[in-house]
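Number of protein chains: 2
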Amino acid sequence: MGQANQVLEPFFNPQKVAIVGATGNPMKMNYHLTENLLRLKFQGRIYLVNPNRDEILGIKTWSSLRDIPDGLDLVIISTPASISLSIMEDCVEKGIKSVVLVPGGFSEGGKKGGELHKKVAKLAKENGIRVLGPNTLSPINTSNNLIISFHRVERLRKGGIAFVFQSGFYEYKLNWIFSHLGVSKILDLGNKMDINEVDALEYLAEDPETKMIAMHIESIRGEGKYFIQLLKGTSKRKPIVILKSGRSPAGAKAAASHTGAIAKENDSLFDSLLKQAGAIRAQDLEEFFDFVKSFDFLIPPSDNRIAVVNISGGEGVIATDACQQNGFQMAKLGKKTIKKLREIFPPWEIPVNPFDGGVCMEFHLSDMGKFFHTLAAIPDDENVDCLIAQIPRTMFERTEHLQSSRLSATMEEFVSTFADMGKRKPLALWRSSVGGIEERLVERLELNGIPVYPSSNKAAKALAALYKYQVYRNQC
Amino acid sequence: MGQANQVLEPFFNPQKVAIVGATGNPMKMNYHLTENLLRLKFQGRIYLVNPNRDEILGIKTWSSLRDIPDGLDLVIISTPASISLSIMEDCVEKGIKSVVLVPGGFSEGGKKGGELHKKVAKLAKENGIRVLGPNTLSPINTSNNLIISFHRVERLRKGGIAFVFQSGFYEYKLNWIFSHLGVSKILDLGNKMDINEVDALEYLAEDPETKMIAMHIESIRGEGKYFIQLLKGTSKRKPIVILKSGRSPAGAKAAASHTGAIAKENDSLFDSLLKQAGAIRAQDLEEFFDFVKSFDFLIPPSDNRIAVVNISGGEGVIATDACQQNGFQMAKLGKKTIKKLREIFPPWEIPVNPFDGGVCMEFHLSDMGKFFHTLAAIPDDENVDCLIAQIPRTMFERTEHLQSSRLSATMEEFVSTFADMGKRKPLALWRSSVGGIEERLVERLELNGIPVYPSSNKAAKALAALYKYQVYRNQC
Chain A
1 MGQANQVLEP FFNPQKVAIV GATGNPMKMN YHLTENLLRL KFQGRIYLVN PNRDEILGIK
61 TWSSLRDIPD GLDLVIISTP ASISLSIMED CVEKGIKSVV LVPGGFSEGG KKGGELHKKV
121 AKLAKENGIR VLGPNTLSPI NTSNNLIISF HRVERLRKGG IAFVFQSGFY EYKLNWIFSH
181 LGVSKILDLG NKMDINEVDA LEYLAEDPET KMIAMHIESI RGEGKYFIQL LKGTSKRKPI
241 VILKSGRSPA GAKAAASHTG AIAKENDSLF DSLLKQAGAI RAQDLEEFFD FVKSFDFLIP
301 PSDNRIAVVN ISGGEGVIAT DACQQNGFQM AKLGKKTIKK LREIFPPWEI PVNPFDGGVC
361 MEFHLSDMGK FFHTLAAIPD DENVDCLIAQ IPRTMFERTE HLQSSRLSAT MEEFVSTFAD
421 MGKRKPLALW RSSVGGIEER LVERLELNGI PVYPSSNKAA KALAALYKYQ VYRNQC
Chain B
1 MGQANQVLEP FFNPQKVAIV GATGNPMKMN YHLTENLLRL KFQGRIYLVN PNRDEILGIK
61 TWSSLRDIPD GLDLVIISTP ASISLSIMED CVEKGIKSVV LVPGGFSEGG KKGGELHKKV
121 AKLAKENGIR VLGPNTLSPI NTSNNLIISF HRVERLRKGG IAFVFQSGFY EYKLNWIFSH
181 LGVSKILDLG NKMDINEVDA LEYLAEDPET KMIAMHIESI RGEGKYFIQL LKGTSKRKPI
241 VILKSGRSPA GAKAAASHTG AIAKENDSLF DSLLKQAGAI RAQDLEEFFD FVKSFDFLIP
301 PSDNRIAVVN ISGGEGVIAT DACQQNGFQM AKLGKKTIKK LREIFPPWEI PVNPFDGGVC
361 MEFHLSDMGK FFHTLAAIPD DENVDCLIAQ IPRTMFERTE HLQSSRLSAT MEEFVSTFAD
421 MGKRKPLALW RSSVGGIEER LVERLELNGI PVYPSSNKAA KALAALYKYQ VYRNQC
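Sequence lines, in order, name chains A and B.
If you use my numbering, the first sequence corresponds to residues 1 to 476, in order.
If you use my numbering, the second sequence corresponds to residues 1 to 476, in order.
For reference, chain A alone in the conformation it holds in the complex (with noise of 0.2 Å):
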């Protein structure tokens, strides 16, 4: 540890950069993989192969990689499976040391498949050239622009996470990472003929861009033990959340028929060494964005102790039950808070945690500055460690409803108050619905680093696997 992996470097920071099976025919699916590197200016130098075309978006073509005259850091070979035997002794020929293998059809796809993953692993290994898939769609990294995927990709934004998927299904989701998330790289380790989720974690950990570490895995290659033993010792410094699938034997099957790997650990025992290496696993795909939405957001709560605001009691309820199966408990807030709250609740109604935000709106539709400045007093509560709140949509309909003009001012007050508390307590907001002004407000709000939830339980859920992640640090 400490020493960083240097095999990724090229694969993340080439100068000059190879597509062999560029097209410029935007019916292919290939296109992408050039023109998201043009529009969204990747900062090397791009090197086209199609033996079809003398030119591709502007950029002259060669014929094949030998045709090049310069030296390439870094190869993507985009042909079907069953021509990239001959590009790898093209490879071997230039002598480059860095591939990206992006088609399917080796290891998962029969024995045929099986036999030409075995060629050109033997031939890379041969002659030194590291491999990233095949199956892969990748890397990405927001500080070049260096972009490898097969879909348009509308912008990128740069943050500290790192992604690390052994899947491209990612790709479905990338402008909504990119519209949510900061971002510094992304890695898409495929069927892993090579490099593998070591190298991942070995590079990301001493990445100096990188703040957290998303991993989603199928299965671990070679000695499980000194993966576990990576992730502890990174996790003390960064956080990890894990998405493990495969976990059920039908769902290992089906590993390996994805990814042509056998996923042969015991799942409790898997669960039982990630808690001990410090990493926090999401138990589903959606939890996995949660939780990297909570960590990139959020600072960490010192200590258990929960406020809920909620708009309707029914919700406050179920809120408080989400809070108390995650380990969190009801705050009990000073007397000077209860005070302050007592200016905007009405005189029948006492304010306990969960506090009852639906029965105060009534009276401050004419002021809900002064609403929301009032709730304020709550994270700021020294018995309050964090705070989930539900989103009050029907304050807003009926301030667009009363005076539509207002309704973009009170808005950016709301974002702006609860963005303030977010920044002195971690703080996550749950929706009540779908659709109309709520979609507006959840937009500004994710901007303002505040995350939203599509229930209370997801949002106490989110704050706990901080929470969680805390109690370890404070153990190191």
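Don't read these hints as lab results, they were simulated from the structure.
Only a predicted model underlies this, so the values are computations on that prediction, with no experimental measurement involved.
All the given hints hold, so there is nothing to weed out.
Which copy? The list can't say, so a pair holds if one copy fits it or any two copies do.
In silico DMTMM-like links for lysine to aspartate or glutamate, alpha-carbon gap of 25 Å or less:
(1) Lys60 - Asp90
(2) Lys16 - Asp73
(3) Lys173 - Glu438
(4) Lys423 - Glu382
(5) Lys173 - Glu397
(6) Lys340 - Glu413
Given the structure of chain A, go ahead and fit chain B onto it with the hints provided.
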């Protein structure tokens, strides 16, 4: 059992309804109480009471209930709690037998509220007045367009689901409910001064328009034993989905301050009683609506052999885990089906469950109809009891790119093929992302009876709820 509960009849099917606290001022909370009834054309007669107005929304207004010359079947009281006692006295005077008490501030409103609660309850009991609430927003009946709500409800949609809530939180979801689900009746029990979950269940069990019952409860009044027995008798004929909140000690305390009731039941005991009674328990609010959707849209699976169609291999593994964890086994398809599927799979790929539709897509962009129709062989296989599939979002995105004129036709072909499959075997879809084309697809799919869930895990859970109920029914 067998004997219909008559108490609720005037609440759902009143001929003459009075609203006390009616207003024509859209700035007031009570505005939509009247406005919804008028716009959505309630099929009974409406009487408005407001001492300060002669006319509201075009309707002659009375200054007191006592002035109304006709008899009334139902009175909606939506005034501050403090003056509700005198309105109740008017009700006694007029011989009214059914009252909805909308306001909060009774048993949950401190000592003063508690005393008021007792007084109103005593007066009602002595005079044979049945009370719904206080702290309620309901009833709703889609048969006669009766609707009591603070929010503008765009439309009602008639169907077989009856909802019972113990909180007004469903209000936020009302427009979502009516754009996604077919509803018979909605009842919010509020603080249950009088009418409670037993009345609701007795009535809905015998209501011919109600095909399934979805019930949120915070506490059970009186003898839980009879309620469980009632559930048991009803669930043999109609599926019952239950969300119980106030399950943790802190949640139960919150429930007490929400509706003034003590949730004294032991949660795990309650859980096993529900199972014995054949009711399906939802763990949280999202699951509650997920299950309702599956029971409303789908036929039950006859056994637990499931097929999975994914667009990304990684999601296929995650989905397989989810299926196994939810009690399904992966279906082994017959030779005939596999042969048929080979027509759309590339030559190097062997079609196995989970089926990776992603590898096929590239070859069928010019004829997606064939692709969809061939997939239909999966639910037609006699070894398959049900199916979950991932929405092929990228497929449509690429079609749009290629030939946007063809997009709508392709979408409709997809929707109609899958809707057809869903008629033969239960079929749930999951989405990979949000926004863009996927929103249109989800809307079209759900309008055609195919439920869409945010993850494969949720799709599998929703089918599992159906399957569990089917097993219970078969044992009866």
